[in-house]
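Listed below, chain by chain, are the residues.
There are 2 protein chains.
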Amino acid sequence: MRKPRIVVLGAGYGGLMTVTRLQKQISGEAEIILINKNDYHYETTWLHEASAGTMHHDKVRYDIKSVINRSKVHFMETTVEDIKTDENKVITTDGEVEYDYLVIALGAEPETFGIKGLKEYAFSITSIRSARHIREHLDYQFATYSQEQEKKDERLTIVVGGAGFTGIEFLGELGNRIPELCHEYDIDPSKVRIVCVEAAPMILPGFDPELVKYARAKLEKKGVEFRIGTPIKEATEDGIFIAINEEEVEEIKASTVVWAAGVRGSNLIEKAGFENMRARVKVEKDLRAPGHDNVFIVGDCSLMINEEINRPYPPTAQIAMQQGEVCARNIAALVKGKHDLETFVPDLKGTVCSLGEDDAIGLVFGKKLMGSSAAFMKKVIDNRALYMIGGASLVFKKGKFKFF
Amino acid sequence: MRKPRIVVLGAGYGGLMTVTRLQKQISGEAEIILINKNDYHYETTWLHEASAGTMHHDKVRYDIKSVINRSKVHFMETTVEDIKTDENKVITTDGEVEYDYLVIALGAEPETFGIKGLKEYAFSITSIRSARHIREHLDYQFATYSQEQEKKDERLTIVVGGAGFTGIEFLGELGNRIPELCHEYDIDPSKVRIVCVEAAPMILPGFDPELVKYARAKLEKKGVEFRIGTPIKEATEDGIFIAINEEEVEEIKASTVVWAAGVRGSNLIEKAGFENMRARVKVEKDLRAPGHDNVFIVGDCSLMINEEINRPYPPTAQIAMQQGEVCARNIAALVKGKHDLETFVPDLKGTVCSLGEDDAIGLVFGKKLMGSSAAFMKKVIDNRALYMIGGASLVFKKGKFKFF
Chain L
1 MRKPRIVVLG
11 AGYGGLMTVT
21 RLQKQISGEA
31 EIILINKNDY
41 HYETTWLHEA
51 SAGTMHHDKV
61 RYDIKSVINR
71 SKVHFMETTV
81 EDIKTDENKV
91 ITTDGEVEYD
101 YLVIALGAEP
111 ETFGIKGLKE
121 YAFSITSIRS
131 ARHIREHLDY
141 QFATYSQEQE
151 KKDERLTIVV
161 GGAGFTGIEF
171 LGELGNRIPE
181 LCHEYDIDPS
191 KVRIVCVEAA
201 PMILPGFDPE
211 LVKYARAKLE
221 KKGVEFRIGT
231 PIKEATEDGI
241 FIAINEEEVE
251 EIKASTVVWA
261 AGVRGSNLIE
271 KAGFENMRAR
281 VKVEKDLRAP
291 GHDNVFIVGD
301 CSLMINEEIN
311 RPYPPTAQIA
321 MQQGEVCARN
331 IAALVKGKHD
341 LETFVPDLKG
351 TVCSLGEDDA
361 IGLVFGKKLM
371 GSSAAFMKKV
381 IDNRALYMIG
391 GASLVFKKGK
401 FKFF
Chain W
1 MRKPRIVVLG
11 AGYGGLMTVT
21 RLQKQISGEA
31 EIILINKNDY
41 HYETTWLHEA
51 SAGTMHHDKV
61 RYDIKSVINR
71 SKVHFMETTV
81 EDIKTDENKV
91 ITTDGEVEYD
101 YLVIALGAEP
111 ETFGIKGLKE
121 YAFSITSIRS
131 ARHIREHLDY
141 QFATYSQEQE
151 KKDERLTIVV
161 GGAGFTGIEF
171 LGELGNRIPE
181 LCHEYDIDPS
191 KVRIVCVEAA
201 PMILPGFDPE
211 LVKYARAKLE
221 KKGVEFRIGT
231 PIKEATEDGI
241 FIAINEEEVE
251 EIKASTVVWA
261 AGVRGSNLIE
271 KAGFENMRAR
281 VKVEKDLRAP
291 GHDNVFIVGD
301 CSLMINEEIN
311 RPYPPTAQIA
321 MQQGEVCARN
331 IAALVKGKHD
341 LETFVPDLKG
351 TVCSLGEDDA
361 IGLVFGKKLM
371 GSSAAFMKKV
381 IDNRALYMIG
391 GASLVFKKGK
401 FKFF
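Heads up: the sequence lines are chains L and W, in that order.
Throughout the first sequence, residue numbering follows the UniProt record's numbering, covering 1 to 404 in sequence.
Throughout the second sequence, residue numbering follows the UniProt record's numbering, covering 1 to 404 in sequence.
Chain L with its partners taken away, still in its complex shape (with noise of 0.2 angstroms):
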């Protein structure tokens, strides 16, 4: 009788937790694959550090085998090309594979709401190589006004789209790299220019109004002007076009823009033929996606709604980690035999958001932290995460110590 075969696609929070998960509770009863386009994982909470230059890529990545027990999973380094739900196969650029339990953990891609533009002509914080991207294109401009002759002014101006989790944390990095880069290239700092335009009335929608007051202060500091309430009507190879008001546009040139604005999920839920909102699949309280029963959807291709205020959840990796658990409890389960599934609910312990590695604000377990405290917070909830995966070792080795 052939062993049942897990599949797990995607090797991010939600992936590799599922994974390091099962190949505790499963010995045997089943066979395991991994699935992910690169050999590492990638810390996606720390992408806009590597981004900004302030932290290189390879602190923010590590080895897939370095977590996984290779005994029992099998790891597969290809890129998923679609789900056959009716077929219960899996076709990747190197073949088909057949799974009798599936879990989908592709994590997310940018959604642009479809501005004009954004595609083509904005970055976006989504991996290490989008980030190494975005890293030395900011290094190549400042070499490039530092050597022209006739200078460019906006090659020094960087718009940031988006005042939310992403756009403000990369924002603070930017405040400490900005100095650093001018110091390189022999550039006056006053020359450089950093706005955030973001089309909602407020930075940091949910955030507690005093930890925003506080964290706006801090990033105008570092030089950031804040174009609030200002949506972005068209980006180009010169900038951007915002709205000043329902008939007035007004243009900012500026040779990057990074598009943090919002995220979607996996374009390959849409093309498996899920329903879906934004390629994310409102799913049971068991992790399964409507209508299958062996397969499972974490991170942020799931879609939950937290009922106390009838908004979905927002995808991070403490809730991507958090299913993750569960979801290796409920395959181990039917695995063997059992048909009563847990459910999934959320423990939310808070939320910190860095404004760069030496300050930050946050709401953890309904305290509210500014500052070095929370900065210092922010670096145990980056540990917590390296440890959850792949204990000690890997927080010694990756873990961020810098705590004064």
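Everything labelled a hint here was simulated from the structure, so no lab data went into it.
Each pair may be met inside one copy or between any two copies, as identical chains are not told apart.
Below, simulated BS3-like cross-link-like pairs (lysine-lysine); rule was C-alpha separation at most 27 angstroms, straight line:
(1) Lys37 / Lys151
(2) Lys151 / Lys59
(3) Lys119 / Lys152
(4) Lys221 / Lys368
(5) Lys191 / Lys59
(6) Lys271 / Lys151
(7) Lys152 / Lys116
(8) Lys37 / Lys152
(9) Lys398 / Lys24
(10) Lys84 / Lys336
(11) Lys37 / Lys191
(12) Lys400 / Lys222
(13) Lys221 / Lys253
(14) Lys338 / Lys84
Once you've looked at the hints, dock chain W against the given chain L.
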């Protein structure tokens, strides 16, 4: 009575050597002004390292103020725009400066021999700014290649125009840098192509054939393709066209073209109306410009014929520094009322051509060197240049000590 004023233009090897010697020989008899467009001196002969990214550009430069005696020398950070020898004055971006004695040490500029597109599309290894522009351009091509969906292989093709001293030294550094870049951006090294195009029928013309053979074999082992006896016809946005024979051309697609095939003197030499060959003035034996009793020209703007072979001496740091010493003594003599000036005779101690940090070829005091002994001697020469201008303390700060 007004003191005579000595104005030195340029703080390269020739100008800075002149000033540091003058400040020892003149004590109150004359005013000394040094004009340079940057507040730093850079080691032109090390720029190939900063360009390839094997050495940080800050290691290649030092503050001018750290080597001049500020009680004797007034330093002006400004750009020379014109020299009016009939009025004994220099026009700078910040106003006019009158002189009684002038030293022109304005260095070299790239010579493109009228080849179409080179000025617009090729980089040149001529300054701190241009060096870090090349370094960042290379990094950016690799980062972009790694990130882009449709890979453009020409991003990883680097054309070096010229197999003279600068071209070969840059190729040696590239050979060491490319594996690092491939590692940094997760790129298969076999995708990278380095092509050296040289119109002359050999590399390093004038060098000992045995040493040239060694250099070529070492560079080929590092992945360099040589296209010798092959002129570049045109540079474009996409790469270069080379002449295969009198009728045929071949395109080499390359995102990076570095022109390292020749230099000329400063355009200010031509603008000022001196008789010149490629902006170099054939100076008198005492280093004065013909017909000008109070204008000395040293370094790459001067031209001297090596009568043994009836060809000009190459524009080297070694000769520029030796000229600076004689120039300082001759000006000091004039200031003190003497009219019997010293004749400049180059004292060629040898030449070492680097093939990367760990390898080189050279002829030193008539002895052939290759490999680590030549690489050692290269570092000794580099340190000696620092010592001559800034003494032991500059060698400690900026010297090259990784000998083994």
